[in-house]
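Now for the letters of each chain:
2 protein chains.
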Amino acid sequence: MNYELSPIGTIHTPYRKYAPYQPVETEKEDFFVEVKEEYAEGLKALEKFRYIYLLFYMDRQKKPVSMTVEPPWADGLEVGLFASRSPVRPNPIGLSIVQLLRIEGNRLYTSGLDALDGTPLLDIKPYIRELDSKDNANYGWLDDLEDREHLMLHIRGIPHE
Amino acid sequence: MNYELSPIGTIHTPYRKYAPYQPVETEKEDFFVEVKEEYAEGLKALEKFRYIYLLFYMDRQKKPVSMTVEPPWADGLEVGLFASRSPVRPNPIGLSIVQLLRIEGNRLYTSGLDALDGTPLLDIKPYIRELDSKDNANYGWLDDLEDREHLMLHIRGIPHE
Chain D
7 MNYELSPIGT IHTPYRKYAP YQPVETEKED FFVEVKEEYA EGLKALEKFR
57 YIYLLFYMDR QKKPVSMTVE PPWADGLEVG LFASRSPVRP NPIGLSIVQL
107 LRIEGNRLYT SGLDALDGTP LLDIKPYIRE LDSKDNANYG WLDDLEDREH
157 LMLHIRGIPH E
Chain E
7 MNYELSPIGT IHTPYRKYAP YQPVETEKED FFVEVKEEYA EGLKALEKFR
57 YIYLLFYMDR QKKPVSMTVE PPWADGLEVG LFASRSPVRP NPIGLSIVQL
107 LRIEGNRLYT SGLDALDGTP LLDIKPYIRE LDSKDNANYG WLDDLEDREH
157 LMLHIRGIPH E
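Those sequence lines, one after another, are chains D and E. Count the first sequence with the working numbering and you get residues 7 to 167, in order. Count the second sequence with the working numbering and you get residues 7 to 167, in order.
If we strip away everything but chain D, and leave its shape as in the complex, we get (with noise of 0.2 Å):
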């Protein structure tokens, strides 16, 4: 059984062929998502929150899907595919939490995402903070790694030495 999405708008970036892992936050106007016009009723209120999810179907990831992965910089530790954020996955879903920055019309501009030019928006859920923020989480394989703070550092796209 399968299932059939279609998209309610378009994800802009800067990004052409390559997004970085998870990208810097920032308050620059590169990232903006464009809704459909029949969907832009739907941003009622949406402008309240200042934190949103956005999912996407990542278009243009062709390779071929392995249910292990090798996470760059993570000096050749092998985790399983679902215990990774990789973009090459049995259904491409990509999920970012992003600061919604603001909405003009059916145009919400919001900080970085990872996310290629032109990819299809999915959905917008708001992010909740009671819901969505468990500041008892934690780093799963990556507290392993001897160096978690330089991967991270990769992981959410900061430029650093």
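Honestly, the hints are just simulated from the structure, not real lab data. Model, not experiment: these values are computed from the prediction. Do not take every clue at face value.
Each pair may be met inside one copy or between any two copies, as identical chains are not told apart.
Said to hold, decoys possible - Restricting the straight-line Cα-Cα distance to at most 25 Å, the calculated cross-link-like pairs of lysine-lysine (DSS-like) are:
hint : residue 1 : residue 2
1    : K54       : K23
2    : K54       : K140
3    : K140      : K69
4    : K42       : K54
5    : K68       : K54
6    : K140      : K42
7    : K23       : K69
8    : K50       : K68
9    : K23       : K50
10   : K69       : K50
11   : K69       : K42
12   : K23       : K140
13   : K68       : K140
Guided by the hints, dock chain E onto chain D, whose structure is given.
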């Protein structure tokens, strides 16, 4: 342009016809996810994470999609669909953050989640504290309600008087 998804497994819950908005976190064995055999290897090292995201396809959602909704217990307030967590969406992709209690083979026992029994699972992603927990997130339009705390009990599926 449409996109096709194929389930990677199935979600099991005690809910047959109605799933609470967002459920109580529980230590019971009522909630588990079964991943298809061919994807079991992709679970390697996932057990190190305290929380995971489950993405699923809300296949029994047949109501017509409306761009505005009146959230229950919100005193008649009307908000845009994308400012709500309503399951009736153009692309009915459900997103739940659950505690991962343990993994046995291709079965993951989790805390409670708001999906009907038999719901097709689309993806599992690790919830990584530094990426996903936003302690400065807010409550959006919920902050304007006189009785936000009461509404949050409903949203989280917590029984109360």
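Check: Which hint numbers does the structure go against, in order from smallest to largest?
Finding: Hint check: 1, 3, 5, 6, 9, 12, 13 fail, others pass.
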